[in-house]
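J.: Spelled out, the chains give:
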Amino acid sequence: MKFTLFIGCNIPVRVQQYELSARAVSEKLGIEVADNREFKCCGNPIRNTDHQTFILMAARNLALAEKQGLNMMVLCKCCFGSLKKVAHLMEQNPLIQEEVNAELAKENLCYTGKVEIKHFLSILYHDIGIKVLKETITRPFKKLNIATHYGCHALRPSDVTKFDNPVAPVLFDELVKVTGAKSIDWPLKLECCGAPMLGVMDTLSMDLTEKKLASGLKAGADYLCVACPYCQMQFDRVQEMMPPHLERSRGLSSIVYPQLLGLAMGLSNDKLGMSRNILDISNIESFLE
Amino acid sequence: MFYDITLYVALTIFGVGLMYKISGWFRFSIDMQNRVISTPAASGIGTAVKGILATLFSPKFLILIRVFVKDVLVQMRIFNEDILRWLMHMLIFTGFMFLLITHALGKIIVTPLFDRYYLALNPFLLVAGTMVLSGIAIAGYRRLVLKVARLKTSAMDYYVLIIIAIIILSGMAMELTKLTSYEYHQKIWYIHVFACLFGLAYLPFSKMLHMFTTPLSLLANAVMDKQSDPGNIQIRQMMELDACTRCGTCSNRCSVAVAFDRIGNEYILPSERMAFLKDYYADKTISTKGLEAIQQGIYLCTNCDRCTVACPAGINLRELWFNVREEMIQRGHFVDLMLTPFSYFRGLNINEFDSEQYDKPLASVRKKITEPYKLLHRSDDIIPLTSANQKFKDTAGLTDRSGTYAYCFTCENCSTVCPVVGNYEDPQKNLDLLPHQIMRSMGFGIRDLAMGSRMLWYCLTCYQCQEHCPQSVKVTDILYELKNLSVTYNSGKQQ
Chain H
5 MKFTLFIGCN IPVRVQQYEL SARAVSEKLG IEVADNREFK CCGNPIRNTD HQTFILMAAR
65 NLALAEKQGL NMMVLCKCCF GSLKKVAHLM EQNPLIQEEV NAELAKENLC YTGKVEIKHF
125 LSILYHDIGI KVLKETITRP FKKLNIATHY GCHALRPSDV TKFDNPVAPV LFDELVKVTG
185 AKSIDWPLKL ECCGAPMLGV MDTLSMDLTE KKLASGLKAG ADYLCVACPY CQMQFDRVQE
245 MMPPHLERSR GLSSIVYPQL LGLAMGLSND KLGMSRNILD ISNIESFLE
Chain Z
12 MFYDITLYVA LTIFGVGLMY KISGWFRFSI DMQNRVISTP AASGIGTAVK GILATLFSPK
72 FLILIRVFVK DVLVQMRIFN EDILRWLMHM LIFTGFMFLL ITHALGKIIV TPLFDRYYLA
132 LNPFLLVAGT MVLSGIAIAG YRRLVLKVAR LKTSAMDYYV LIIIAIIILS GMAMELTKLT
192 SYEYHQKIWY IHVFACLFGL AYLPFSKMLH MFTTPLSLLA NAVMDKQSDP GNIQIRQMME
252 LDACTRCGTC SNRCSVAVAF DRIGNEYILP SERMAFLKDY YADKTISTKG LEAIQQGIYL
312 CTNCDRCTVA CPAGINLREL WFNVREEMIQ RGHFVDLMLT PFSYFRGLNI NEFDSEQYDK
372 PLASVRKKIT EPYKLLHRSD DIIPLTSANQ KFKDTAGLTD RSGTYAYCFT CENCSTVCPV
432 VGNYEDPQKN LDLLPHQIMR SMGFGIRDLA MGSRMLWYCL TCYQCQEHCP QSVKVTDILY
492 ELKNLSVTYN SGKQQ
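Chains H and Z are the protein sequences, given in the same order. Using this note's numbering, read the first sequence as starting at 5 and increasing by one per residue. Using this note's numbering, read the second sequence as starting at 12 and increasing by one per residue.
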């Protein structure tokens, strides 16, 4: 099983623990991960203002993966959403496909829809499977309550992303349960983390983040678990930055999923980049058997 | 006599030019007035010298040696980027250095060491000359035949290649005619000496200055960090502008360079931005159009740091962009990109800014983008529903099935599930129209209502509305589309 890794812009600089742990876990599971340093921005940030450029940016990455002859493993949910959306648009509309490919031809690239775009969690759930994952767990968690945060752009629009049931998803919860932790029910599980408004309308962004944290704490979560760099930054770095009046819900730290899984697999802290989280998450080890 | 005079003239111009260039690093600086900790104004040569001395007499000295060998002499950064390019640069660098030390400065350096150095036909000179020429041939090949992506060639790049070629070719011709024709040998001597001295005198003003500034940038960045004296960081950033050779590595690695292919604003490419900044910081004047272009170029950045990691001159582009971007934004004007996720990085660093200065540009962009839609702010008006703007309705079509707004029967599901609407006690006061009202405005073809609401720009794009619409209206996609339309409308491209 081999994928080309679409790492995105944020992970290598600001959420390195996600890359480290995802690679470590993949290695353990026998997933071969190829790199492609020609991959560039997925296009997501420019979607608000320049739809045509958005399509070109995403399509170029798809064409590069097609040239590489590999399916994509995407770590970021915003990247995932963008790539999926553009693949969908090109599939639906031959005119768009033609126009984009004419542009890509300048770099000898072409996208014909041969690439499967998969989020990291989907690969674990569908391609590896819960049964195999279970066998790799050497020290399961005990009495650990995890609040899963699904992330918007993987889940919705469901007709495009086809990630899971958009109103009652189970994929992420199942993956958490494998580690021995309990995936708790919490009201704001499927809501936005607030990241898209950071830097645009910061009060709104932090209000939304704070609401999620408060909701998670109230539901009895020990940790939040995410699988997207934006969500992680929001719950980690931005939580740390929050102004005093929002601090009441501080205290719910976030861990990226491959770190959680890796710990239960017995991988070392170094390999999982545990020290790279801004809020200290080392206490989670006390829940290990 | 002729030789002596021209040599001293050239040396004087070189010396004065170099001092002038270096003084620029201290005279010019990035405007940091908007920061929480603004820089002390009086940072000058004193702090710079202090910083350098402190580094030389500390364990950091070892880092300097390592970087000097690895990045300055062996040039591993170029090697990692592109082997052909490394070969090109190494051929020119080693060949030229050899000629400089053994030949140009021969009388000072070599003769005292080896007294029988003079040879009738010096094979070393010819070998070194051939090396430099091969390097130049590769450079020409890369620029003219390979046409390396996003490598822009300016007059300066041609000048450097041509002047070096003239120096080497005339030198080799001199060497070869030495035994055969004394007359030619003498004539070529004039060309050779003139080219060398011209190159020397013009060096501080040309790209060749990088032979001093690039190593300096590599070394300075190896030992400086965020905790370094802010004054010294400012000096370093001005010096870095001179260390850039516009080699295009950053533009090639740049995450958003693809946007340049479509938009055509060359300031999207980091290397072109560097070229602009060199001129800009000399006098800080800029036209409105130029400012808009540079603002767009510098804001269209995901802060992925790839340019900084790849830069062969070791320039800390990350910090440079961060500081320059803020200076440009604070100069006013309209950067619609501020209302997109490109602002995320600025938001992450909110605590570094003076809060009033931080909010000012955002507030002005928000105002400007909703301002043209007057109808929204005249709530007493009676809106004639009959004159639906069909032309406006027809413009919707960027995404798949955006015409679905027509199916909206105002059940308000979208507005009910919207986390942004849910965040405000009085949503209409903060957002103007809510998602379902925007869909209906589309149905009526009332542009001002559909495009003027702040709701558009506060949308998280979380797709809750679209997912929960019983009529399969592509609510989020339509909101995306309205934002796009609003930007084109504002920039006057479309009526």
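Derived by calculation from the structure, the hints in this document are not laboratory data. There could be a bad hint or two in this list.
[To be verified] Below, a list of computed lysine-lysine pairs in the BS3-like style, where the Cα atoms sit at most 27 Å apart:
hint: 1; chain 1: H; residue 1: 186; chain 2: H; residue 2: 147
hint: 2; chain 1: H; residue 1: 186; chain 2: H; residue 2: 32
hint: 3; chain 1: Z; residue 1: 440; chain 2: H; residue 2: 215
hint: 4; chain 1: Z; residue 1: 300; chain 2: Z; residue 2: 371
hint: 5; chain 1: H; residue 1: 135; chain 2: H; residue 2: 215
hint: 6; chain 1: Z; residue 1: 198; chain 2: Z; residue 2: 300
hint: 7; chain 1: Z; residue 1: 371; chain 2: H; residue 2: 71
hint: 8; chain 1: H; residue 1: 110; chain 2: Z; residue 2: 198
hint: 9; chain 1: Z; residue 1: 61; chain 2: Z; residue 2: 118
hint: 10; chain 1: Z; residue 1: 295; chain 2: Z; residue 2: 404
hint: 11; chain 1: Z; residue 1: 440; chain 2: H; residue 2: 110
hint: 12; chain 1: Z; residue 1: 378; chain 2: Z; residue 2: 300
[Said to hold, decoys possible] One-sided excerpt, in silico: chain Z residues whose CB lies under 7 Å from chain H:
hint: 13; residue: 64
hint: 14; residue: 353
hint: 15; residue: 434
Here a beta-carbon is modelled for each residue, glycine too, at the ideal position from N, C-alpha and C.
J.: Compare the structure with each hint and give your call.
T.: Verification of the hints:
1. H:186 x H:147: With Cα atoms ~7 Å apart, residue 186 of chain H and residue 147 of chain H stay inside 27 Å; holds.
2. H:186 x H:32: holds, 23 Å
3. Z:440 x H:215: Answer holds: residue 440 of chain Z to residue 215 of chain H is near 21 Å, not above 27 Å.
4. Z:300 x Z:371: Between residue 300 of chain Z and residue 371 of chain Z the Cα gap is close to 21 Å, so the pair holds against 27 Å.
5. H:135 x H:215: violated, 35 Å
6. Z:198 x Z:300: Violated, at about 51 Å.
7. Z:371 x H:71: Violated, at roughly 46 Å.
8. H:110 x Z:198: violated, 49 Å
9. Z:61 x Z:118: violated, 35 Å
10. Z:295 x Z:404: violated, 45 Å
11. Z:440 x H:110: violated, 49 Å
12. Z:378 x Z:300: Given pair residue 378 of chain Z, residue 300 of chain Z holds - Cα atoms ~20 Å apart, limit 27 Å.
13. 64: violated, 33 Å
14. 353: With a minimum Cβ separation of about 5 Å from chain H (threshold 7 Å), the hint on residue 353 of chain Z holds.
15. 434: For residue 434 of chain Z, the interface hint holds, since the closest Cβ of chain H sits about 6 Å away, which is under 7 Å.
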